[in-house]
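Quick note, the sequences are listed as chains G and U, same order. In case it helps, the numbering used here puts the first sequence at residues 1 to 446. In case it helps, the numbering used here puts the second sequence at residues 447 to 726.
Hint data in this document are derived by calculation from the structure and do not stem from the laboratory. Being a predicted model, the structure only gives us computed values, none of them experimental. Accuracy of the hints is not assured; some may be wrong.
Stated by the list, open to error - Cross-link-like lysine-lysine pairs, in silico, DSBU-like; alpha carbons within 35 Å at most: (1) G:Lys80 x U:Lys501; (2) U:Lys586 x G:Lys253; (3) G:Lys424 x U:Lys586; (4) G:Lys301 x G:Lys240; (5) G:Lys120 x G:Lys354; (6) U:Lys675 x G:Lys434; (7) G:Lys228 x U:Lys624; (8) U:Lys586 x G:Lys438; (9) U:Lys586 x G:Lys273; (10) U:Lys586 x G:Lys85; (11) G:Lys104 x U:Lys586.
Stated by the list, open to error - Calculated from the model, a selection of chain U residues having no Cβ within reach of chain G, i.e. all distances over 12 Å: (12) Thr486; (13) Thr489; (14) Tyr499; (15) Gly536; (16) Asn545; (17) Ile570; (18) Phe577; (19) Tyr587; (20) Ala623; (21) Met641; (22) Lys659; (23) Leu665; (24) Arg674; (25) Phe687; (26) Asn691; (27) Val696.
Glycine included, each C-beta is placed from N, C-alpha and C at the ideal position.
Here is what each chain is made of, one letter per residue.
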Amino acid sequence: MIRRKLVSMMLVTTMLAGAVTGCGSKDDGSEDAKGSVYYLSFKPEQTDQWKAIAAKYTEQTGIEVKVQTAASGTYEQTLKSEIAKKDAPTLFQINGPVGYQSWKDYCMDLSGTNLYSWLKDKDMAVKDGDGVYGIPYVVEGYGIIYNQEIMDKYFALDGAKAASIEEINNFGKLQEVVEDMTAKKGDLGIDGVFASTSFTPGEDWRWQTHLFNLPGFYEYKDDNASDKTEIDFKYNQEYKNILDLYVNNSCTKPSMLGSKTVENSMSEFALGKVAMVQNGNWAWGDISKVSGNVVKEDKIKFLPIYTGIQGEESQGICIGTENFFSVNSEASKKDQEETIKFIEWLFNSDEGKKAVTNELGFIAPFNTFEDADNPTDPLAKEVIRYMDDSSLNTVSWNFMTSMPSQTFKDDLGASLLEYITGNKDWDKVVEDCKAEWKSEKEAIAG
Amino acid sequence: MQKAYKKYFAVFVLPTLLAFTVFFIIPFLMGIVLSFCKFTTVTNARFTGVSNYIKAFSNADFLNALGFTTRFTIVSVITINVIAFAIAYGLTRGLKGTNFFRTTFFMPNLIGGIVLGYIWQLMINAVLANFDVTITSDAKYGFWGLVILMNWQLIGYMMIIYIAAIQNIPGELIEAAKIDGATKTQTMFKVIIPMAMPSITICLFLSLTNAFKLFDQNLALTAGAPSRKTAGLAMDIYTTFYNRNGWEGVGQAKAVVFFIIVGAVSMLQLYITRKREVEE
Numbered sequence: 001m002i003r004r005k006l007v008s009m010m011l012v013t014t015m016l017a018g019a020v021t022g023c024g025s026k027d028d029g030s031e032d033a034k035g036s037v038y039y040l041s042f043k044p045e046q047t048d049q050w051k052a053i054a055a056k057y058t059e060q061t062g063i064e065v066k067v068q069t070a071a072s073g074t075y076e077q078t079l080k081s082e083i084a085k086k087d088a089p090t091l092f093q094i095n096g097p098v099g100y101q102s103w104k105d106y107c108m109d110l111s112g113t114n115l116y117s118w119l120k121d122k123d124m125a126v127k128d129g130d131g132v133y134g135i136p137y138v139v140e141g142y143g144i145i146y147n148q149e150i151m152d153k154y155f156a157l158d159g160a161k162a163a164s165i166e167e168i169n170n171f172g173k174l175q176e177v178v179e180d181m182t183a184k185k186g187d188l189g190i191d192g193v194f195a196s197t198s199f200t201p202g203e204d205w206r207w208q209t210h211l212f213n214l215p216g217f218y219e220y221k222d223d224n225a226s227d228k229t230e231i232d233f234k235y236n237q238e239y240k241n242i243l244d245l246y247v248n249n250s251c252t253k254p255s256m257l258g259s260k261t262v263e264n265s266m267s268e269f270a271l272g273k274v275a276m277v278q279n280g281n282w283a284w285g286d287i288s289k290v291s292g293n294v295v296k297e298d299k300i301k302f303l304p305i306y307t308g309i310q311g312e313e314s315q316g317i318c319i320g321t322e323n324f325f326s327v328n329s330e331a332s333k334k335d336q337e338e339t340i341k342f343i344e345w346l347f348n349s350d351e352g353k354k355a356v357t358n359e360l361g362f363i364a365p366f367n368t369f370e371d372a373d374n375p376t377d378p379l380a381k382e383v384i385r386y387m388d389d390s391s392l393n394t395v396s397w398n399f400m401t402s403m404p405s406q407t408f409k410d411d412l413g414a415s416l417l418e419y420i421t422g423n424k425d426w427d428k429v430v431e432d433c434k435a436e437w438k439s440e441k442e443a444i445a446g
Numbered sequence: 447m448q449k450a451y452k453k454y455f456a457v458f459v460l461p462t463l464l465a466f467t468v469f470f471i472i473p474f475l476m477g478i479v480l481s482f483c484k485f486t487t488v489t490n491a492r493f494t495g496v497s498n499y500i501k502a503f504s505n506a507d508f509l510n511a512l513g514f515t516t517r518f519t520i521v522s523v524i525t526i527n528v529i530a531f532a533i534a535y536g537l538t539r540g541l542k543g544t545n546f547f548r549t550t551f552f553m554p555n556l557i558g559g560i561v562l563g564y565i566w567q568l569m570i571n572a573v574l575a576n577f578d579v580t581i582t583s584d585a586k587y588g589f590w591g592l593v594i595l596m597n598w599q600l601i602g603y604m605m606i607i608y609i610a611a612i613q614n615i616p617g618e619l620i621e622a623a624k625i626d627g628a629t630k631t632q633t634m635f636k637v638i639i640p641m642a643m644p645s646i647t648i649c650l651f652l653s654l655t656n657a658f659k660l661f662d663q664n665l666a667l668t669a670g671a672p673s674r675k676t677a678g679l680a681m682d683i684y685t686t687f688y689n690r691n692g693w694e695g696v697g698q699a700k701a702v703v704f705f706i707i708v709g710a711v712s713m714l715q716l717y718i719t720r721k722r723e724v725e726e
C-alpha cells in the first residue's frame, strides 16, 4: 500500500517537473530566435529617461530592450539576484576594478567592440590582461558647488577676507573666508556656509567615498600605486581639516547631522540658505527641481576641494567615473550581440547621442561626441571647463574605485558620524579605517 | 470518513508539499550547501569547507549582533506580553467601547515593518530634536526606539489572542474562586493565568521568534547605526551577504547558525511553557 502510494507520488512529481521544464525551454526558444537586451540600471533618478530610450530603440529596430532600475543603494544585491535568473541582465554595470573582482565570472571581453575603440582615454577602461571588461560610459566631476550670488555679496562686504573667488586656491584661504562668512551670516542672509553634512545611514557617500578619495588620491600618487592592500591614511589630518570645516560652518548643528539626507542638503542649497555644498555635476537636476529654487543657472559654479595638501593651488576638481558597462558573458550569443548593438547605437547614432546628452545629461567619454554634443546643464559645463584647463591637475577617481567594499564605506561613514557627535577620537577613526581596509581587502583576495 | 481521508491523502497534501519543497526545502538545503562554499551568485559556488564558519565567528560583528538581539528579545518579549495581557484583561471587563479599542489596538499590526520603521524614525527624531540629538547619536536611542516600535506593532496581535483565552475561561471557575474567598491577585495567578497558559505559549512563541528574526524594522529605523551597534542578527547577515565582496558564503554560514539558534530557543520555550499548561 505504502509502496504504491510512493510510486504514484513520484509519478506525479516527475510529471509536474516535466511540465515545468517544458514551459521553460519553450520560452528560451522564442527568445533565442531574436535576441533581446536587458539593462539593469544603476541610477534611480534616470529611470524614466532610460525607459524612453529603450522604447525608442525597440520602435526603430524591433529588438526588445528591457530596463530595470535598482533602488538607491541596492545595485549590488539586485544584480546578485537578477544575474542568477534565467532571464539575466545582458547589460549591467560595475563600479571599477573592485567591482570587476566580484563580477569577473560574468564580464565579457569587450576589447573587440566599436564602443571600446571610440573611448578617448583607453586607460579609463577596466582591464585584465589583454581583455577589456568594463567600459566607462560617462565622465563625472565633483567638488564644492557654490552659489556665486552669495559669494559676490560677501566679497562686497567691508573687511571681506578675499575679493574674488580666484583668490581662494588653498585650504588656508578657504578656511579664512568660510569662517568669516559664518561670522557674518546675518548680513549675508544665510543659515550657514555649508549645507548639512548628511549622515543618515546610506546618505553619507559624499564623505566616506567622495571626500575620502582626496587623501587617498594623494597617497596613491606619492607611492605611484593604483591599488594597495593596506593604506597608511597619511593625509588623515587634511581629511579632518575639510570635514571639520564643513561641520563647524554648517547650517545644522553637528549633533543633528545623523538625521540629514543628501536631499536635505541639496534643497538647503537650492533655497539659498547656504552658500556651498559638496556634490557632483549630477546634482543640478536635484537643485533645479526643488520648488522655490533661487539658484540661477549662470551663478552655480565648482570650487576644487582644498584640504591643505602641499601644492594644492593647482588642484582641479575630481573627475572620473564609477560607472562602467559590462556585458554578461553567460548570456546567449544573440543577446550579447544585440546588447552591444544597442549601446553602440546609443553612443553613435544622432538620436542616441541626443538622448545621452539632453536626457541623461552625460558627458560621454567617446570620440563620437563633439563639442556641440556636450550637455548644457551648468555643472556639466563647469566639469568640461575644469577638464579643459590644462593649468590644473585633475584629481582622478582611482582611489575611489579601489575601495574594498560597501561595508568599508558604511563603517567609515558611521565612524565619522561618531567622531562628529563627540563619541569617538579622531585617532581611533583613523586606526579603524586602516584596520578595516586591510581586513576587507583580505576578504576579496581570500 | 477516516478511510476517505486516507484515500485522498495524496491529492490534498501534494500541492502544498510540492510548493513547500520548491520554495522552502530546496532553498534551505541549497543554503546549507552554500554555507560551505565561496560564491558570488548561487550558480557559481566553489567548495571551501568550514572556513566560512570560522570567519563568521572570528569577526566580532556577529557576536555583537547576537548580543544586541538577545537583549532586545528579552526586553521586548517581556514588555509585549505583560502589556498585551493587561490590555486584554482590561478589555474583557465589559467596559464601554471595548470593540472600538480592540480594533484600534489591533491596527498597527496591519502596517508593514519598513513603513513603520520610517514613520517611527521620523517621530523619534522629532522628539529627540528637542534635546539636540538624533536616533543615531547613541545606540541606546536605537535600542529603545526598536523596543517601542515592536511593542506598538505586536501588542495588538497578542492582545487578540489573550482576549480569546480570557473569554474562554468558564465563569464558574472565577465565581468559585470568589466564593472561596480568593483575592484578586490570587484569582489572577491561580486561576486566570493557568487557564490562559496555552495562549501564553503561543504568544511567547510568536513574540520570541518575531523579535529574534526582526529585520524590516531594524533596517528602516536605524540600519544598524551608530557603527552597527544597533544591528540585530538578521541585519548583520544581510549586510555581510550583500555589502562585503567575497563574504557571501560567510553570510550564508551566519544564516545557518542563526537558524539553529532560533530553532533551539523556540523549542526550549515551547517545551517549558507546554509543561505548565493545565488540562481542562
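Outcome of the hint check:
The suggested pairing of Lys80 of chain G with Lys501 of chain U holds, with an alpha-carbon distance near 22 Å, which does not exceed 35 Å. With a CA separation close to 21 Å, the supplied pair Lys586 of chain U and Lys253 of chain G stays within the 35 Å bound. Proximity of Lys424 of chain G to Lys586 of chain U is assessed by CA-CA distance (about 16 Å); at most 35 Å being required, the pair is judged to hold. Our distance criterion of 35 Å between C-alpha atoms is met by Lys301 of chain G and Lys240 of chain G, whose separation comes to about 24 Å.
With a C-alpha separation of about 19 Å, the suggested pairing of Lys120 of chain G with Lys354 of chain G holds against the 35 Å cut-off. With a C-alpha separation of about 20 Å, the suggested pair Lys675 of chain U and Lys434 of chain G falls inside the 35 Å cut-off, and the hint holds. For the given pair, Lys228 of chain G sits about 79 Å from Lys624 of chain U by alpha-carbon distance, which is inconsistent with the 35 Å threshold. Distance restraint check for Lys586 of chain U and Lys438 of chain G: the Cα-Cα separation of roughly 30 Å lies within the 35 Å cut-off, and the hinted pair is therefore satisfied.
The hinted pair formed by Lys586 of chain U and Lys273 of chain G meets the criterion: a straight-line CA distance of about 33 Å does not exceed 35 Å. Between Lys586 of chain U and Lys85 of chain G, the direct Cα distance comes to roughly 41 Å. Violation of the 35 Å bound is thereby established for this hinted pair. Under the criterion of a C-alpha separation no larger than 35 Å, the hint pairing Lys104 of chain G with Lys586 of chain U is inconsistent with the structure, at around 42 Å. Once the 12 Å rule is applied to beta carbons, Thr486 of chain U is inconsistent with being away from chain G; the minimum gap is 6 Å.
Distance to chain G contradicts Thr489 of chain U as a non-interface residue, since its nearest Cβ pair spans about 5 Å, not more than 12 Å. Remark: the non-interface label on Tyr499 of chain U is consistent with the geometry, its nearest Cβ contact in chain G lying 14 Å away (cut-off 12 Å). Look at Gly536 of chain U: its CB is around 36 Å from the nearest CB on chain G, clear of 12 Å, so calling it non-interface holds up. The Cβ of Asn545 of chain U sits about 39 Å from the closest Cβ of chain G, beyond the 12 Å cut-off, so the non-interface label holds.
Residue-level check failed: Ile570 of chain U sits 10 Å from the nearest beta carbon of chain G, not beyond 12 Å. A beta-carbon of chain G is positioned within 12 Å of the beta-carbon of Phe577 of chain U; the least distance is around 9 Å. With a cut of 12 Å on Cβ distances, Tyr587 of chain U falls inside the contact zone with chain G, its closest approach being about 10 Å. For Ala623 of chain U, the non-interface assignment is confirmed: its Cβ lies about 52 Å from the closest Cβ of chain G, beyond the 12 Å cut-off.
The Cβ of Met641 of chain U sits about 42 Å from the closest Cβ of chain G, beyond the 12 Å cut-off, so the non-interface label holds. With a minimum CB-CB distance of about 19 Å to chain G, Lys659 of chain U clears the 12 Å threshold, and the non-interface call stands. Under the 12 Å C-beta cut-off, the non-interface status given to Leu665 of chain U relative to chain G is violated; the minimum distance is some 9 Å. The claim that Arg674 of chain U lies off the interface is violated: its Cβ sits roughly 7 Å from the closest Cβ of chain G, which falls inside the 12 Å cut-off.
The Cβ of Phe687 of chain U does not lie farther than 12 Å from every Cβ of chain G; its closest approach is about 8 Å, which violates its non-interface assignment. Listed as a non-interface residue, Asn691 of chain U fails to keep its Cβ farther than 12 Å from every Cβ of chain G; the least gap is roughly 5 Å. A cut-off of 12 Å between C-beta atoms contradicts the statement that Val696 of chain U is not in contact with chain G; the least separation is 8 Å.
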